[in-house]
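Go ahead and model the full structure; you've got the sequences and the hints to work with.
Number of protein chains: 2
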Amino acid sequence: MTFPLLGRHNDRLKLLRSLAKGSGREASGCFAAEGLRVIRELLSSPLRVRLLLCEAQAGGEELELAHLAVRRGAEVFFADSQLLEQLSSAKTSQGLLAVAEIPKYTWDEVLSCPRVLVLEGIQDPGNVGTLLRSGRAFGFGGALCLGGADPFNARAVRSSAGAAFVMPLMRLSEPADIEACFGRMRSAGLALVTAAAHGGTPLTQAVFPGRAALLLGAEVRGVSRMASSVASLEVTIPLQGSCESLNVAVAGSLLMYEMGRTPRSEAV
Amino acid sequence: MTFPLLGRHNDRLKLLRSLAKGSGREASGCFAAEGLRVIRELLSSPLRVRLLLCEAQAGGEELELAHLAVRRGAEVFFADSQLLEQLSSAKTSQGLLAVAEIPKYTWDEVLSCPRVLVLEGIQDPGNVGTLLRSGRAFGFGGALCLGGADPFNARAVRSSAGAAFVMPLMRLSEPADIEACFGRMRSAGLALVTAAAHGGTPLTQAVFPGRAALLLGAEVRGVSRMASSVASLEVTIPLQGSCESLNVAVAGSLLMYEMGRTPRSEAV
Numbered sequence: 001m002t003f004p005l006l007g008r009h010n011d012r013l014k015l016l017r018s019l020a021k022g023s024g025r026e027a028s029g030c031f032a033a034e035g036l037r038v039i040r041e042l043l044s045s046p047l048r049v050r051l052l053l054c055e056a057q058a059g060g061e062e063l064e065l066a067h068l069a070v071r072r073g074a075e076v077f078f079a080d081s082q083l084l085e086q087l088s089s090a091k092t093s094q095g096l097l098a099v100a101e102i103p104k105y106t107w108d109e110v111l112s113c114p115r116v117l118v119l120e121g122i123q124d125p126g127n128v129g130t131l132l133r134s135g136r137a138f139g140f141g142g143a144l145c146l147g148g149a150d151p152f153n154a155r156a157v158r159s160s161a162g163a164a165f166v167m168p169l170m171r172l173s174e175p176a177d178i179e180a181c182f183g184r185m186r187s188a189g190l191a192l193v194t195a196a197a198h199g200g201t202p203l204t205q206a207v208f209p210g211r212a213a214l215l216l217g218a219e220v221r222g223v224s225r226m227a228s229s230v231a232s233l234e235v236t237i238p239l240q241g242s243c244e245s246l247n248v249a250v251a252g253s254l255l256m257y258e259m260g261r262t263p264r265s266e267a268v
Numbered sequence: 001m002t003f004p005l006l007g008r009h010n011d012r013l014k015l016l017r018s019l020a021k022g023s024g025r026e027a028s029g030c031f032a033a034e035g036l037r038v039i040r041e042l043l044s045s046p047l048r049v050r051l052l053l054c055e056a057q058a059g060g061e062e063l064e065l066a067h068l069a070v071r072r073g074a075e076v077f078f079a080d081s082q083l084l085e086q087l088s089s090a091k092t093s094q095g096l097l098a099v100a101e102i103p104k105y106t107w108d109e110v111l112s113c114p115r116v117l118v119l120e121g122i123q124d125p126g127n128v129g130t131l132l133r134s135g136r137a138f139g140f141g142g143a144l145c146l147g148g149a150d151p152f153n154a155r156a157v158r159s160s161a162g163a164a165f166v167m168p169l170m171r172l173s174e175p176a177d178i179e180a181c182f183g184r185m186r187s188a189g190l191a192l193v194t195a196a197a198h199g200g201t202p203l204t205q206a207v208f209p210g211r212a213a214l215l216l217g218a219e220v221r222g223v224s225r226m227a228s229s230v231a232s233l234e235v236t237i238p239l240q241g242s243c244e245s246l247n248v249a250v251a252g253s254l255l256m257y258e259m260g261r262t263p264r265s266e267a268v
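If you're matching them up, the sequences are chains L and U in order.
Residue numbers for the first sequence follow the working numbering, so the first one is 1 and each next one is one higher.
Residue numbers for the second sequence follow the working numbering, so the first one is 1 and each next one is one higher.
Hints are computed from structural coordinates only; laboratory data are not their basis.
Don't take each hint at face value.
If several chains are the same, the list does not tell them apart, and a pair holds so long as it fits within one copy or across any two.
Using 25 Å as the maximum straight-line C-alpha spacing, the simulated SDA-like pairs for lysine to any residue come out as follows [what the hints assert, rightly or not]:
no.	residue 1	residue 2
1	104	44
2	104	242
3	14	26
4	104	188
5	104	183
6	91	222
7	21	91
8	104	18
9	91	24
10	14	199
11	21	81
Right under this line is the structure:
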């Protein structure tokens, strides 16, 4: 099987280029994903893949994924390596580029799991993606992004290693929606746990509620006053000596690891 | 107090520009550090700071650090914001740029602590820096970089949040030196612990030796055969469901957290 070669004036390129920006992703409801491993994850996820570009000189593994994409209903094109290089958000293109639809979840889907991750204004897309990846690994079944970097930004998608494709997640950017989500978590029976650099319950002594949302604050500013005021537990990771803080993706992952192994059969 | 304005033809600019590359850092034995927080850490570390550029319109905090740099024996210049923008490795310059000497440590200094971090071919400078930052936070008193990204690369320095300034660390790039370092660790009484994505002792059941070096392998390739063959313990972090792996900086930080809280008074 062979695929048509994508010409330089094809109108799909306009869509592809628009996905580098948040406004473009919002307008089309789509995002771009790159590279063998990420696209393998994408094609085994429930997301709808619309388009796949495959380098014309690609090897067996890339072609296998291209065929899988056809069976999943995607349009597939060959593209020359220069074009892929231009379209890539990474330093070097990895020979495969896909466009998929940003999934939409209900509040029930996002908040039903006993462990939910809440990212409040995390600015670095790499941190957002890494936190989703760790959340998936430690049994967090939903995620909320309150402002901050878009989890469907190219770097966030890469860092999430597929987690953004399978975890029910929602991004809120309006202040009123963000405020309302704290009430929704409470109604869903989720206690709010926040991470504090200093002064919280030491992680080694913390007892986590049976159903809990872990909220991580922005890299430098930390947890907002609003979140602090409704938190039922504030946890601090004990650090040694003169060390001030951990990277937020590391701190959050550590907390999720500990919360993930807490028996979750406790009273809700 | 005021400082001379650095002209566009000053020969210090040649040095500064050379530090963006590994070869330039090697030739001069210096590295560059940027930003308020990182430079505050630098000036409170034992490293020798040679040069500090401060934005001409800088505020009180920047000027305070500039005066501290003078007392620490550094040359200090004002520089205009455009020049700082050009010299910065970050997207936006942060108004302060320093040049300091790369520290040289003895084997004894690097290997004397009961917890040592070994990074084997970690390619991403952000991961290297983040791992050093976590190592410092969890009581790891020395670090070895076997190939991989340079811990004095600008992005690694930024991610390490000052850890690279205070942790005795050594970077080896020659294969013979790398091979020999395993014998040095053994002689220093350090047992080698490696992280494996699958099949190792589950982290929840691992008993860590009193003196141990934690070796983390490259992002995709994992631990080398040589390291595997001399490891006395291979640990795996249990992950849920379909999740394949964690980010290496997250996985390494989690292992360091667990190793850091193991009582280290055990038999050596």
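Against the structure, the hints:
In this assembly of identical chains, residue 104 and residue 44 lie within 25 Å of each other by CA distance solely inside one copy; the values are 18 Å within and 49 Å between copies. Taking CA atoms no more than 25 Å apart as the test, residue 104 paired with residue 242 passes between copies only; the shortest distance there is 21 Å, against 44 Å inside one copy. Proximity of residue 14 to residue 26 under the C-alpha cut-off of 25 Å is restricted to the intra-copy arrangement: shortest distance 14 Å within a copy versus 45 Å between copies. Taking CA atoms no more than 25 Å apart as the test, residue 104 paired with residue 188 passes inside one copy only; the shortest distance there is 19 Å, against 55 Å between copies.
Taking identical chains as interchangeable, the C-alpha atoms of residue 104 and residue 183 lie at most 25 Å apart only when both belong to the same chain, with a minimum of 21 Å there against 55 Å between chains. For the homomeric pair residue 91 and residue 222, the shortest alpha-carbon distance between copies (22 Å) is at most 25 Å, but the shortest distance inside one copy (31 Å) is not. With identical chains, the CA atoms of residue 21 and residue 91 are at most 25 Å apart both within one copy (17 Å) and between copies (17 Å). Taking the shortest alpha-carbon separations for residue 104 and residue 18, only the intra-copy value of 20 Å comes in at or below 25 Å, while the best inter-copy value is 48 Å.
Proximity of residue 91 and residue 24 under a CA criterion of 25 Å is satisfied in both settings, with 21 Å inside one chain copy and 22 Å between copies. In this homomeric assembly, residue 14 and residue 199 never come within 25 Å of each other (Cα to Cα): the closest approach is 51 Å inside a single copy and 46 Å across copies. For the identical chains of this complex, residue 21 and residue 81 are intra-copy neighbours only, at 22 Å inside a copy versus 28 Å across copies, given an alpha-carbon limit of 25 Å.
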